[in-house]
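With the hints as your guide, set chain E onto chain L.
Read top to bottom, the protein sequences are chains L and E. Residue 71 in my numbering sits at position 71 of the first sequence, and the numbers go up by one each step. Residue 42 in my numbering sits at position 42 of the second sequence, and the numbers go up by one each step.
These are calculated hints, taken from the structure and not from any lab test. Be aware that one or more of the hints could be misleading.
[As the list claims (entries may be wrong)] Below, a sample of chain L positions facing chain E; criterion: calculated Cβ distance under 10 Å:
#: 1; residue: Trp36
#: 2; residue: His37
#: 3; residue: Lys38
#: 4; residue: Asp58
#: 5; residue: Ala64
#: 6; residue: Thr106
#: 7; residue: Arg149
These numbers were taken from a predicted model, which means no experiment stands behind them. Heads up, the beta-carbon is just placed ideally off N, CA and C, and yes, glycines get one too.
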Amino acid sequence: MKFGVVRFPGSNCDDDALHAVADVLAPEGATGQILWHKEHELDGCDVIILPGGFSYGDYLRAGAMAAHSPIMGAVRAFAERGGPVLAICNGFQIACEAGLLEGALTRNASLHFECRDVNLRVEGRPTPFTGAIPAGRILRMSIAHAEGRYVHHDPERLEKEGLVVFRYVTADGAAAPAANPNGSVANIAGVTNARGNVVGLMPHPERAVEHLLGEGGEDGRRLFESVLAAARGTPARVGA
Amino acid sequence: MIVKVYVTLKKGVLDPQGQAVQKTLARTGFEEVADVRIGKYIELDVPDGTTTARVEDMCRYLLANTVIEDFRVEGVGRP
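Excised from the complex, chain L in its bound form (with noise of 0.2 Å):
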């Protein structure tokens, strides 16, 4: 399984992503390639990352200039053709900007630099990346974000529809404002689309993929870990 990692000028994660799937995930059959941001194609990568940084300088807004690159035509090609997206920290803004996802990213509610390891509750309906992961299971990740509190109008009906995926709660697993690093509305800190194939999240996945680095141990690899399981047909629970 391919993994096409997008590289925006100002991207500044996409060597994480790529080592994330390409090195750590090779043994279970990922391999990857940076997809240049003036691409057109995709390359026949079967699954794309939109990575983390700062895209075009973020300047306008977060993401606002990178959603109408030219490899952003190719990438809502193959999200309508239901193929899986993971959209991380800058990539969220991205994919929101671009309408992959609704929603909108802004400036944290703190006004401060956010740069910490958060708890992050899985649920919402499966999606290729959560699939293989039990609901309900408290994952550990960095953020590092200035602009990441989620606002949408209506979080209830997202509610409703199971397109919250991930959630910031406590270490015991509950939503309180404490846990909540940004200001997100209802603490949500990932989504997925109507269709379930797209998801993004403020938090790094691909920083938490090896026990060497930080304490989020491998927590992030279950989201690698169940694409790569939604692809082999085989939706066995991951990181059980």
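Showing chain E alone in chain L's frame:
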């Protein structure tokens, strides 16, 4: 001609920058300021005769994120 575009956060969307500015004003002798909302001002140099509809297309396409922002166009001669 120069067209002016104002982009502002929709009513009800939290503006933490505005809040920080309001607090500073209140703390430094401008207590009468009840609220501050911060937006963007954009000037576009476009050919004479450019229509409002054309500029509004630019706003919806790129200049504003209509999920959280409103926009207002000024200085266009034609509808």
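Here is what the structure says about each hint:
no.: 1; hint: Trp36; verdict: violated, 21 Å
no.: 2; hint: His37; verdict: violated, 16 Å
no.: 3; hint: Lys38; verdict: violated, 18 Å
no.: 4; hint: Asp58; verdict: violated, 13 Å
no.: 5; hint: Ala64; verdict: holds, 6 Å
no.: 6; hint: Thr106; verdict: holds, 6 Å
no.: 7; hint: Arg149; verdict: holds, 7 Å
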